[in-house]
Amino acid sequence: MSEKQTYTVSIYTENNIGVLNRISAIFQRRHINLESVNVSKSEIRSVSRITLLVRVTEEQIKKIIGQLEKQIEVIKAYYHVDEETVYQESCLFKLRTDLLTENDEIQKVINSSKSRVININKDFFVLEKSGTKEEVEELYHLLNKHGIKQFVRSGRIAITKEEMPVSELLESIKK
Amino acid sequence: METRTKKVKEQSVKTSVTISGAEAVIKCLLAEGVDLLYGYPGGAIMPVYDELYKYQKELNHVLTRHEQGATHAAQGYARATGKVGVAIATSGPGATNLITGIADAQIDSTPMVCITGQVAEHLLGTDAFQETDIVGISTPVTKWNYQITKASEIPEVFAKAFYIARSGRPGPVLIDITKNAQFEKFEFSYEPCTAVRSYQPVPKLDINAVKEAANLINGAKKPMVIFGQGVILGEAEEEFKTFIEKAGIPSAWTLLGLSALPTSHELNVGMVGMHGNYGPNRLTNECDVLIAVGMRFDDRVTGDLSRYAKQAKVVHFEIDPAEINKNVKANVAVLGNAKESLQGILPYLKDNEHKSWLQEFRDHDAIEFDKVIKKDLYPIKDGLTMGEVIKEINNASEGNAIVVTDVGQHQMIACRYANFNKSKSNITSGGLGTMGFALPAAIGAKMGTPEREVVAVIGDGGYQMTIQELGTILQTKAAVKIVVLNNEFLGMVRQWQQLFFDKRYASTTMTNPDFVAIAKGYHIDAKRVTQREELAGAVSEMMASEEAFFLEVCVEKEDNVFPMIPTGSSVSDVRLS
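First to last, the protein sequences are chains D and A. Counting from 1, one number per residue, gives the positions in the first sequence under our numbering. Counting from 1, one number per residue, gives the positions in the second sequence under our numbering.
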């Protein structure tokens, strides 16, 4: 049996009601937890791209891809390991504004983490950071000791390094 | 191209007319060639029923006594005819009652379209009376589903639903229609669906895979074929026969593959799987090339996978790419529908025969006959066996009847012993194992093929799960022959309790009603047999009847079905006692 590892699953689907339910049901039925989910537009008009993160064996993920592609509204599904993709997660922190004036430590963290302040008022400010899960988590730990009022992180989004043959398939669909 | 698709009545309604959504539903069904559907009315589907009333000359709606019965009847119709079965129900409980039949159709690849009414769009999500999220509930058990909230969506969605249900690997589709969409008037026109851009029903045949498969088959010394329902669904029975005859390959069937090849064919070596025949099970682990045609290596077929056909090279002919390497790794996968794939391989096949290898199957048959079959079919003890009932049905039908079975011991016995000359003659609930399937499925099969004899063989347990469909028989006069094999037990579970739970018969004894009186209460001719000497006469009387007939046969209470591969065992360890 192969070992479990993290796979990024990219699914091109029709942009219809219920497709996400159909897809998540495939994982639920096999008792697999979704580590993260992102649904967005793709490069093709009216085609959605669902990006999932799961920890399974390669044997499992191959079979799951088969089940995903079997769904009527799924155009194509792929799985990749981290090294095969360029990926990011985005996160937002809500922090007290007076932290910025109390000391310069927060300012240093902001600079060194390449995060940015995207909103500020007299009570709180919002810090945005994009990066890998590890970078986001590191920033979380640095900020946590100062008190995080709110934290939210997006699902992973990923671009594959290799050309995905789906591009041609989607091109042919476009016309 | 898809052969099933070609059969669709390509009746485009191009000139547009202003009609209600409900009437559009009827027009869509007619355009798809539907002349029969099964269902049960209720609040949220009443506008469609009102139109069914107006169109009753063109479209025969059969009122079942429960929505589950409607789905199984639609399945029986589909399995006997190869056409799409249609079931219709109201929202809420009407819709949820369809789920068992839908799940059964999904796992057994049966083409079916289910239509459900839904509360009006403005009430969605308000916990309105009889509102249920049937699209959400049915998602994991449908090939596709869709909720219509505007009448204008109806033609396109129906066309797509029928196309999806019947094309590729068939399956059930559910269409949920809110009540406002049924009332709404719109400009109706109809175009059949011929493609869905995100859906490739039949993979393109790869000629290199075909050649590779042919090489393996040509080089085999001990080849064995296991064929499944893919042969029937792909209407590839003739191609299949030519294929195995040319290559001279002993061929075994799965439960759902049964009847694709006549029982009497010299290369038919019986059933594989948990209660399959001794030879094909044992020899699965001795063949050198295993050729799977339109089957999915279900766990009931393979037993322990780690000890399944490890010595063999596997060639897998399959329409559904997700089935390749799912359970058994294929050395060569030939994707496509069975008809084209088998036609494709023929020119590359050597004329061949494997006489001594085939003889090995026959030698195993002799052992099985001695240890199992003799007692089942030619018992010398007093109690009636299920097997001898099937033997009498064979004598009367001469192998020409459709045999519809439920789930359990009687099912295994019927499938083991029933003779079939024609395809689409074995109708049973395979993958889901749905007790209660047979009676309504037999009604559907009979109505779909009125020229054929339809015999439902049912256990006393499963019979009582959908016994209310006797009312449907009464009302429609469907001339179904019903045989209940009554052992006053949930026999298969009792068998497992005997073998694996030290005879602790937890909740498997049945105190049964007077089945004959019940049938007579529905004005169905009925008879009970308790003695061997009455059996042949009663079966003949039943088969000779022009109308529905009920026959109860009181069989030995604690007989077991053998051969048997206990769960977790290898096919090699198939037991004869």
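Just so you know, the hints here were simulated from the structure itself, not pulled from any lab data. Incorrect hints may have been included.
The calculated BS3-like cross-link candidates involving lysine-lysine, where the alpha carbons are at most 27 Å apart (straight line), are [as the list claims (entries may be wrong)]: (1) A/Lys313 <-> A/Lys221; (2) D/Lys63 <-> A/Lys204; (3) A/Lys222 <-> A/Lys241; (4) A/Lys211 <-> A/Lys422; (5) A/Lys160 <-> D/Lys76; (6) A/Lys222 <-> A/Lys381; (7) A/Lys54 <-> D/Lys63; (8) D/Lys4 <-> A/Lys150; (9) D/Lys62 <-> A/Lys350; (10) A/Lys313 <-> D/Lys62; (11) A/Lys374 <-> A/Lys313; (12) D/Lys63 <-> A/Lys211; (13) A/Lys241 <-> A/Lys503; (14) D/Lys70 <-> A/Lys160; (15) A/Lys381 <-> D/Lys4; (16) A/Lys557 <-> D/Lys70; (17) D/Lys63 <-> D/Lys94; (18) A/Lys527 <-> A/Lys381; (19) A/Lys150 <-> D/Lys41; (20) A/Lys160 <-> D/Lys41; (21) A/Lys350 <-> A/Lys204.
Listed below are several chain A residues computed to face chain D (Cβ distance under 10 Å; list not exhaustive) [said to hold, decoys possible]: (22) Leu63; (23) His66; (24) Ala128; (25) Gln147; (26) Ile164; (27) Pro321; (28) Gln497.
Which residues of chain A face chain D? A few of them, derived with a C-beta cut under 10 Å, are [said to hold, decoys possible]: (29) Arg169; (30) Tyr190; (31) Thr194; (32) Val196; (33) Arg197; (34) Lys326; (35) Gly383.
The model shown is predicted, which means the values in this text are computed figures rather than measured ones. Backbone N, C-alpha and C define an ideal beta-carbon position, used for all residues, glycine too.
Evaluation of the provided hints:
{"no.": "1", "hint": "A/Lys313 <-> A/Lys221", "in the structure": "holds (12 Å)"}
{"no.": "2", "hint": "D/Lys63 <-> A/Lys204", "in the structure": "holds (20 Å)"}
{"no.": "3", "hint": "A/Lys222 <-> A/Lys241", "in the structure": "holds (18 Å)"}
{"no.": "4", "hint": "A/Lys211 <-> A/Lys422", "in the structure": "violated (31 Å)"}
{"no.": "5", "hint": "A/Lys160 <-> D/Lys76", "in the structure": "holds (20 Å)"}
{"no.": "6", "hint": "A/Lys222 <-> A/Lys381", "in the structure": "violated (40 Å)"}
{"no.": "7", "hint": "A/Lys54 <-> D/Lys63", "in the structure": "violated (49 Å)"}
{"no.": "8", "hint": "D/Lys4 <-> A/Lys150", "in the structure": "violated (46 Å)"}
{"no.": "9", "hint": "D/Lys62 <-> A/Lys350", "in the structure": "violated (35 Å)"}
{"no.": "10", "hint": "A/Lys313 <-> D/Lys62", "in the structure": "holds (21 Å)"}
{"no.": "11", "hint": "A/Lys374 <-> A/Lys313", "in the structure": "violated (35 Å)"}
{"no.": "12", "hint": "D/Lys63 <-> A/Lys211", "in the structure": "holds (26 Å)"}
{"no.": "13", "hint": "A/Lys241 <-> A/Lys503", "in the structure": "violated (44 Å)"}
{"no.": "14", "hint": "D/Lys70 <-> A/Lys160", "in the structure": "holds (16 Å)"}
{"no.": "15", "hint": "A/Lys381 <-> D/Lys4", "in the structure": "violated (57 Å)"}
{"no.": "16", "hint": "A/Lys557 <-> D/Lys70", "in the structure": "violated (45 Å)"}
{"no.": "17", "hint": "D/Lys63 <-> D/Lys94", "in the structure": "violated (41 Å)"}
{"no.": "18", "hint": "A/Lys527 <-> A/Lys381", "in the structure": "holds (23 Å)"}
{"no.": "19", "hint": "A/Lys150 <-> D/Lys41", "in the structure": "holds (25 Å)"}
{"no.": "20", "hint": "A/Lys160 <-> D/Lys41", "in the structure": "holds (24 Å)"}
{"no.": "21", "hint": "A/Lys350 <-> A/Lys204", "in the structure": "holds (24 Å)"}
{"no.": "22", "hint": "Leu63", "in the structure": "violated (31 Å)"}
{"no.": "23", "hint": "His66", "in the structure": "violated (27 Å)"}
{"no.": "24", "hint": "Ala128", "in the structure": "violated (19 Å)"}
{"no.": "25", "hint": "Gln147", "in the structure": "holds (7 Å)"}
{"no.": "26", "hint": "Ile164", "in the structure": "holds (6 Å)"}
{"no.": "27", "hint": "Pro321", "in the structure": "holds (6 Å)"}
{"no.": "28", "hint": "Gln497", "in the structure": "violated (29 Å)"}
{"no.": "29", "hint": "Arg169", "in the structure": "holds (8 Å)"}
{"no.": "30", "hint": "Tyr190", "in the structure": "violated (21 Å)"}
{"no.": "31", "hint": "Thr194", "in the structure": "violated (15 Å)"}
{"no.": "32", "hint": "Val196", "in the structure": "holds (6 Å)"}
{"no.": "33", "hint": "Arg197", "in the structure": "holds (5 Å)"}
{"no.": "34", "hint": "Lys326", "in the structure": "holds (6 Å)"}
{"no.": "35", "hint": "Gly383", "in the structure": "violated (43 Å)"}
Going down the numbered hints, you'll see the structure goes against 4, 6, 7, 8, 9, 11, 13, 15, 16, 17, 22, 23, 24, 28, 30, 31 and 35, while the others check out.
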